[in-house]
Amino acid sequence: MSRTLSMLQLYLALIAGGCGLLGLAASLPTIGAAPLMLIFFAVSALSLLRLVLPWSFWLDGVLAVLGAWALIASLPAEGLMPLHHWLALIASWAFAWLFVERLAAAIRAGKLPETGTGLVIPLIFGLALIVIWEVVTRGASVSPVLLPAPSAIATRFAASTGILWADFVQTFIKSVIPGYVIGCVAGLLVAIAVDRSPFLKAGIMPIGNFMSALPIIGIAPIMVMWFGFDWQSKAAVVVAMTFFPMLVNTVAGLNAASTIERDLMSTYAASYRQTLMKLRLPAAGPFIFNALKINSTLALIGAIVAEFFGTPVVGMGFRISTGVGRLAIDLVWAEIAVAAIAGSAFYGVIALIERGVTFWHPSVRGGRT
Amino acid sequence: MDGRTTAVVEASSLGLTFPAGDGDIVALSDVNLTIDKGEFVSFIGPSGCGKTTFLRAIADLEKPTSGTLTVNGQTPENARKDRAYGYVFQAAALYPWRTIEDNVALPLEIMGYGSADRAERVRRTLALVNLSGFEKKYPWQLSGGMQQRASIARALSFDADLLLMDEPFGALDEIVRDHLNSELLKLWARTEKTICFVTHSIPEAVYLSTKIVVMSPRPGRVTDVIVSTLPRERPLDIRETPEFLEIAARVRDGLRAGHSYEEVV
Amino acid sequence: MDGRTTAVVEASSLGLTFPAGDGDIVALSDVNLTIDKGEFVSFIGPSGCGKTTFLRAIADLEKPTSGTLTVNGQTPENARKDRAYGYVFQAAALYPWRTIEDNVALPLEIMGYGSADRAERVRRTLALVNLSGFEKKYPWQLSGGMQQRASIARALSFDADLLLMDEPFGALDEIVRDHLNSELLKLWARTEKTICFVTHSIPEAVYLSTKIVVMSPRPGRVTDVIVSTLPRERPLDIRETPEFLEIAARVRDGLRAGHSYEEVV
Amino acid sequence: MNRILPVLTILLAIIAIWYAASVWMNAPWQTRLNERADLANVPFTEFVAQTWAQDKPVLPSPHQVAGEIWNATIALEPTSKRSLAYHGWITLSATLLGFAFGTSLGVLLAVAIIHNDASDRSLMPWIIASQTVPIVAVAPMLVVGLNAVGLTGLVPKALISMYLSFFPVVVGMVKGLRSPEGIQLDLLRTYDATPWQAFWKLRWPAAMPFLFASMKVGIAISLIGAIVAELSNTAGGGLGVRLLTGSVNGQTVQIWAALFIAAGLAAVLVAVVGRAEHMVNRRMGVRA
Amino acid sequence: QDALTLQLKWVTQAQFAGYLVAESKGFYDEENLDITILPGGPNIAPEQVIAGGGADIIVAWMAAAMSAREAGVPLVNIAQPFKRSGLMMICPTESEVTEVADFPGKTLGVWFFGNEYPFFAWMNKEGIPTDGSEGGVTVLQQSFDIQPMIQGQADCISVMTYNEYGQALDAGYGPDNLTIFNYTEMGNDLLEDGLYVMEDTLSDPAKVDAYTRFVRASMKGWQYALDNPDEAAQIVVDMDDTGAAELAHQRYMVEEVSKLVDPSDPALDEATYDRTVKALMDQAIIKAEPEGAFTTAVTDATN
Ligand SMILES: Nc1ncnc2c1ncn2[C@@H]1O[C@H](COP(=O)(O)OP(=O)(O)OP(=O)(O)O)[C@@H](O)[C@H]1O
Ligand SMILES: Nc1ncnc2c1ncn2[C@@H]1O[C@H](COP(=O)(O)OP(=O)(O)OP(=O)(O)O)[C@@H](O)[C@H]1O
Ligand SMILES: Cc1ncc(C[n+]2csc(CCO)c2C)c(N)n1
Ligand SMILES: [Mg+2]
Ligand SMILES: [Mg+2]
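Chains as they are written, first to last, in the numbering used here: chain S, 38 to 406; chain Z, 846 to 1110; chain R, 846 to 1110; chain Y, 1155 to 1442; chain G, -14 to 288.
Chain S on its own, in the form it takes in the complex (with noise of 0.2 Å):
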């Protein structure tokens, strides 16, 4: 196992074992006061073994763990972290990072399977840079009101579920979604329209890059102005937001479709419908769902933005921004957490149906020809 270290994955695990042996040598005046820490301290000096003996991967993964454990649990109610707990903190990074580093290269030698431990990685590197989230700003006292510990931001999303529910309905079930599907299918029906016509493709494409650069803050008061407080507005903003990426993604895709593919229609005498239904709506695909995936990242943030300028007393920008005023900053991050795993998640969704609509697409089925 030793023999089989790259370059980085060396180092990491000299970081690891020296910060190990540093730590338990500056535990030993005060022994017996962190006795988690102390194991962790020493079965980390101990991995420096892995120089002569075999050491398997696993066992990194567990150091680390071990490592977030005993950081958490030995974390002060008041003032700063000692000194030394600070090495466990580098140390058990190390470990989590020469595990996944290690694990990445059993999957690449195919020795464990991709499905399943593919997703663990990204996992581990999420919750490593929780636990570091955590320790610093607890270790380090960080004023919550600046940056709440996520166990902080964890226990308040706990208990004001109702809230946070009622913020997510009328965001993104009532602003979001609607926003996001008429602006999606107008960009979508304008850039067949203008397909059709050049003279209008040359006139709206410069126009639509000029409106796409246009900063949408700026559109939230006018739109709040124009629409009122509630959801429609936001709604709005989101249109405003989704149409032109869906318009300029579109007309580009309207044109994927390869000269010899339109000289086969050609050679049919295939209608104008026929040639966009059978041949160039499926060859814009791939484009239609680039625009679709950056869209949905795009609209949360707009329905959030347009909730800054005036709303009805429900909202996550809403709770944002009266949050903050408020110093209410856990509540704030709760929400920010909302929107991240909705956003992420509406993403995810978008990514998952276009796997199956454009899976004869190379970049979809793996790029074998």
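Don't read these hints as lab results, they were simulated from the structure. Fair warning: this is a prediction, and the values are worked out from it, not measured in the lab. Treat each hint with caution, since some may be false.
Subject to a maximum C-alpha distance of 25 Å in a straight line, what follows is the list of computed BS3-like cross-link-like pairs (lysine-lysine) [as the list claims (entries may be wrong)]:
#, chain 1, residue 1, chain 2, residue 2
1, G, Lys91, S, Lys211
2, S, Lys315, Z, Lys982
3, R, Lys926, R, Lys908
4, Y, Lys1235, G, Lys272
5, S, Lys315, Z, Lys926
6, G, Lys10, G, Lys244
7, Z, Lys882, Z, Lys908
Place chains Z, R, Y and G with the ligands on chain S using the hints.
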């Protein structure tokens, strides 16, 4: 359709020039050629001599810039709208989102064939090109040769009397090519179609054709039209007969004449 | 380098299997072959029989899964690190952002040749493939044949003793191909390189080679190795001699034997 | 000429619709004003003129916006705090710095992703998730947080620009650095080229078109980032601050003028990147 | 010189004339102070800025400051130049609101972001539900202008006497076509625009001394501003980095602010403080009676 004349394609003083930034490209100049019903005409010539362009002009995919061109006695445009021909492109040009059978059915859908008729024709043409059993596969799941055969099936499915084939067997190995050549000959003999066939291979041209059109580039001209003296019935080993070799030698000479090596490649 | 043996490539019981989702693909199985220094070996066989795979294995671009393979008496990996061979891919694979001379200079840059030496080698190899005067052009300004010649120049520039060529002339028309074939023969005669050459064309294989390896697919096996009895000196019209035709017929038979049409395509 | 005519036609159509819309949208308020001033039976043409000349219209007419842009740029010293050129410059400097940060970060991440299996697998989902975080919500807290560690002024704005603009660059560059075909990589392998050589001689030049396409998106997004940041960082001015003060004072004309300047700035920035692309293409011998 | 940073609650305008004039006229220099004045805005919470160390002194409303105190930002009031509230709710005649009893069923525009406490305290006192239940009012998060009234999106909107009310006057509204609810006149005012610092800094005599000099110079600034309203308005316009401040509007604002500020006495009135704290506790905006949330040490020393 087969009105007062049996000429399927008739070109006289045909010219076709592509406008280009730095001087126009003359792809065809003063081409005079008559193709009669039931003929199998091969076009051969160095790269860039205008073979594809000529076929595309017949198919109304390019507009001639001078001279006249008629297809079935009409303008190429009207012939195209009459669905007078099937075209096999140099690349298979199958739609990747359709299965093989749906690709073959594509022209039938567009031309409004009923679904039972469609299924029957797809079955028959796929069998003809030896692709039975691959109906439900997608193009990218097939080898290049199979794709090419599917594209031939697609062009055959709606039974046009004129077949335009642009290097259909270019990507295939010799054995497969031999096989398809004889299949094509059988099909032609059976159906009395008129076939225009572009190839780079001299033996292929000689083996298949009743008439071989040799072209030369810059500008694209017809330098020789060789009428084959081979019988219609052609076993594969006809290719070792002196008659065959003699025609092949004539084609090669014609080709070489139009081929100043340095400038073409 | 030319240690105890003159064998440049030596394969024994060589096997190579690609893992695939639904059952592995056996690309090569039980291949035994020795290629001696100075030989010109052609590989011929239907599509998918493993010709490319075998060349790639020699070049250490694929790892054999069984048997042994040595190049210049070493492992393929060490041979590659010694820069023992030049590889000409099926496609030209020129870098579009480099001029022709820079493309040819690419391996020289990577191998750390001095700039004067580089310029001299580029000049010489471009002259060899008849591309003098096109040094400053970009690939897209050249025809397909010229691009292919540039890629040959690139493989020749650093004077490896072994040349691996994968259908280098596949995309060219017959006349240009004839020309390049005889140029290649001249080069080989002059430099005493060892050449492994993949082709689909029987006449090409017979015309060029001292040894013709016939392969058959599923799994890729060597079905016949034909040692040419033609002299080293080969004018183009040697192709009409009975001796030539006889070898060609033998190759064709070998090919056909391994070629059950239905399953291959 | 045949490019200008269509654009001009559409532009004229938009302006016509815009004028009509500003009559329609400003009419109710104008009617009330007239009622209150006891002006009955205002002739239609005069009424239309009134709707185009309101102080705080719901939809300002095109010439009001154009006039405001003129007054706030050409008619003023560029150093004046009322000048949109002055505010545009402030936003521009944050945009450019953020764009430089974002492009560098994007390229670095892309390089890590294509060269390191673990990075490849771990980063992408989180990079996508990062873009679903509403930056407008985080920006105020970020500005305060950076202030707490001593960063004020340009840098917080640039960091927010970076947060938005690195995304298209990573996505594009991962695609671009992976765009060389297997055969081109195999070619380098036959030369036993080092990864470093493969990067500079193949991957990097092959990725150029992707880099520029991404940078065009990135620089427009950078500008949006700078404006968002200015909403939470009103000290020092900038186009975002103008939008904000326009909004809190109900100065619609001022909002629209700032918006158009911002969009114009974006168009110019995209054009500049396009120009750079053109020059690089020429140096790289890309077909015209 | 002692360097101090002052975080304003809103964009640069005559609401803060005293500080801007003091800076411009060199009153701070005279007290050997180097003051940086940071403008605020709708997305800037001064309480958060000071918690992050971005400011030494903030201008804040007491309700928000007390709420922040409970959230873990120990703010202490050191001076209260504003004696009265400028907050009003106005309802145009069309809304048919003439008294508080008309509110149920109406839509009211309220500013959030820490400005909402006075409104909720008032409604709490009147017993009008704000949670959307029967017999209550519908609350909107109002934008910071009078558009919602002009557009008829709300029946009543929040205004400050010295700012948005002026915009309403400009737009042709006035006492004759408006019903006006003035928080001060109703006795519902919660102390606005006080000066707050972090509690721990008050144990440092040097800091207290700097605050004292700051308050003294600021009050001198206020006095000067109220005495010379035209010049003060011009100073505000000059000091606004955004270029958005209009002279006429700032002149109006100085005039109105002068009705709320007592330039001669920066001290906090304990009775008003007690009333504010009671209102906040009644409405559970804060849970516990704050301890040490104000100090007279600074204002005592200014005399
Ligand atoms: N769309 C076009 N625009 C400009 N020039 C063109 C176009 N199409 C073809 N040409 C030019 O016309 C000439 C004839 O081209 P064509 O494709 O007909 O040649 P070809 O004989 O089919 O060659 P190949 O054997 O390589 O397929 C060439 O010089 C080519 O560059
Ligand atoms: N990377 C790969 N993964 C899986 N299978 C592969 C791979 N490369 C080649 N194969 C399979 O291995 C077999 C041999 O392929 P190879 O490319 O060597 O054939 P070839 O003789 O060069 O054919 P052609 O004449 O078409 O170039 C084929 O069945 C092919 O599908
Ligand atoms: C726990 C953990 N730590 C580090 C990495 C690797 N990684 C993630 S982001 C980054 C910087 C640029 O790539 C690196 C090296 C990982 N995957 N998981
Ligand atoms: Mg052609
Ligand atoms: Mg091959």
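Going down the list of hints, with the structure as the test:
no.	hint	result
1	G/Lys91 x S/Lys211	23 Å, holds
2	S/Lys315 x Z/Lys982	18 Å, holds
3	R/Lys926 x R/Lys908	15 Å, holds
4	Y/Lys1235 x G/Lys272	45 Å, violated
5	S/Lys315 x Z/Lys926	18 Å, holds
6	G/Lys10 x G/Lys244	22 Å, holds
7	Z/Lys882 x Z/Lys908	23 Å, holds
Hint 4 alone, counting from the list given before, is not met by this structure.
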